[in-house]
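Participant: Using the sequences and the accompanying hints, generate a full structural model.
Here are the chains, one letter per residue:
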Amino acid sequence: MSMVKVKGIKKSFGTLQVLKGIDFEIKSGEVVCIIGPSGSGKSTMLRCLNRLERITDGEIYIEDELMEYRKNDTDVKKISAAKLQNLCCDLGMVFQNFNLFPHLTVLDNLTIAPVIVRKEKETVVKKRAVDLLERVGLADKRDEYPVRLSGGQQQRVAIARALAMNPKIMLFDEPTSALDPELVGEVLSTMKKLANEGMTMIIVTHEIGFAREVADRVIFMDDGVICEEGTPEEVIINPQQERTKSFLNKIL
Amino acid sequence: MLTQTQMWAVFDGTIVTLKIALVAIVFGTLGGILVALGRLSKNKVANSASWFYIWFFRGTPMLLQLFMFYYAIPIVYLEITGSSFAMNAMICAFITYSLNSAAYMAEIIRAAIESIDHGQMEAAKALGMSYHQAMIRIIIPQTYKRLVAPVGNELIILLKDTSLVSTIALFDLLRTVKTMASATGDWVYYLYAAAIYLFLTTILQVLFDKTEVRLGVYEKR
Chain C
249 MSMVKVKGIK KSFGTLQVLK GIDFEIKSGE VVCIIGPSGS GKSTMLRCLN RLERITDGEI
309 YIEDELMEYR KNDTDVKKIS AAKLQNLCCD LGMVFQNFNL FPHLTVLDNL TIAPVIVRKE
369 KETVVKKRAV DLLERVGLAD KRDEYPVRLS GGQQQRVAIA RALAMNPKIM LFDEPTSALD
429 PELVGEVLST MKKLANEGMT MIIVTHEIGF AREVADRVIF MDDGVICEEG TPEEVIINPQ
489 QERTKSFLNK IL
Chain R
2 MLTQTQMWAV FDGTIVTLKI ALVAIVFGTL GGILVALGRL SKNKVANSAS WFYIWFFRGT
62 PMLLQLFMFY YAIPIVYLEI TGSSFAMNAM ICAFITYSLN SAAYMAEIIR AAIESIDHGQ
122 MEAAKALGMS YHQAMIRIII PQTYKRLVAP VGNELIILLK DTSLVSTIAL FDLLRTVKTM
182 ASATGDWVYY LYAAAIYLFL TTILQVLFDK TEVRLGVYEK R
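Heads up: the protein sequence lines correspond to chains C and R, in order.
The working numbering puts the first residue of the first sequence at 249, with every later residue one more than the last.
The working numbering puts the first residue of the second sequence at 2, with every later residue one more than the last.
Simulated from the structure, these hints should not be mistaken for lab results.
Ideal placement from N, C-alpha and C gives every residue a C-beta, glycine not left out.
Everything hinted at is true.
Okay, the calculated beta carbon distance ranges per label pair: (1) R/112 x C/471: 37 to 43 Å; (2) C/327 x R/69: 50 to 56 Å; (3) R/222 x C/499: 32 to 38 Å; (4) C/333 x R/112: 29 to 35 Å; (5) C/271 x R/42: 36 to 42 Å; (6) R/150 x C/395: 18 to 24 Å; (7) C/445 x R/206: 54 to 60 Å; (8) C/416 x R/112: 37 to 43 Å.
Calculated cross-link-like contacts (lysine-lysine; reagent style DSS-like; alpha-carbon spacing at most 25 Å): (9) C/389 x R/146; (10) C/325 x R/126; (11) R/126 x C/416; (12) R/126 x C/258; (13) C/389 x R/221; (14) C/375 x R/126; (15) C/369 x R/126.
Facilitator: Structure below.
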């Protein structure tokens with residue numbers, strides 16, 4: 249079954265076209281890393297998947313269900329709000345700047361959405377949240393406010409917060425770019441664990457080593473299009489396209 | 002020293018001052034929230050109505066607004082209906098100060114909401130929250146601490162600005178002591194008024210300082 253499928257998606261901000269027609273499909277359990285120079289549209293593409301940005305043209309399917317079908321910045325097909333919310337809840341997202349809710353304790357950061365969005369019982373959610381904090385190694389921080397955590401700890405809480413909604417797909421938008429170098433490892437290893445547990449993951453990253461090790465597939469984007477894709481072996485070790493080669497040369 | 006009669010007069014004046022300030026604080030805040038929501042709304046009518054409201058009440062002197070409600074409205078009413086009515090000075094003060102304060106509060110509230118990092122709304126939306134859920138549970142609670150200092154400012158200014166009501170025949174604190182001072186030629190009465198104003202604003206200031214610390218608990222590293 250395909251978890252995510254996009255067809256011909258385009259996105260413009262005013263006259264600036266950021267995505268110029270992108271197609272791909274991601275299967276259940278697949279871990280896909282998206283790499284490419286800044287301004288290539290990787291983050292925008294990811295943000296389009298959960299409608300933080302609305303695409304201008306194209307189709308997006310989540311678990312074979314149509315979530316978005318637009319042409320010339322208008323809906324071709326209207327999707328009911330309830331269905332949209334359901335599909336959106338299947339996508340968890342982790343941001344570059346963590347975006348934890350600073351006024352809530354770590355535990356409340358995890359429980360708020362399941363309780364008010366999924367209408368789950370607080371006691372049930374709390375138990376799951378404690379388990380999740382255990383999994384990311386932060387059980388002892390449950391009553392702290394985010395400001396008292398390091399960047400790496402905040403990002404692990406953010407991962408746990410997204411997982412608390414029981415998503416089927418996790419989106420990572422440069423999850424380690426805002427971290428001090430010594431804190432990158434703990435976040436990457438949390439993500440690796442998640443990948444090994446079979447989570448479907450789409451990761452925009454500059455960590456080429458991580459992509460090589462963990463990704464089933466690597467997509468290289470440049471200038472709003474997919475330039476090259478394949479196994480880490482194919483794209484990172486033996487890139488065929490000139491643009492891929494020159495990008496990798498610059499950062500490796 | 003004040004005689005007992007004078008003391009009661011000063012007390013009554015203080016009550017007038019406090020009454021107007023309290024009514025304006027309550028209705029100004031409620032009105033301010035409404036107008037701020039209008040300013041933040043994508044609805045064009047609500048948005049421009051709020052814009053004009055703020056434009057008018059911030060853009061004209063408070064004193065002029067008092068005169069307008071006190072003198073002009075009865076005249077306009079007479080022109081239109083042919084019957085006259087006398088404006089109650091106290092009610093007129095309540096209305097003017099509430100409307101005026103709402104304009105300032107609206108801008109304070111709007112600015113506080115817009116100062117919250119955009120990533121907060123995105124994170125809330127990514128977790129499936131609706132715009133309203135995100136506003137009520139995530140964005141607005143984060144504005145409380147940021148509201149304290151500017152709201153404290155506004156309320157202290159409001160309390161002191163109530164002294165303008167002496168122009169519409171109300172005996173507030175300042176007018177009461179002024180009458181005593183001109184009757185006796187002794188300026189010391191003004192000092193009593195200053196002490197009372199300071200006492201009242203001190204209460205506000207201490208209250209707001211404490212509140213700010215309490216609300217900022219989650220920002221302490």
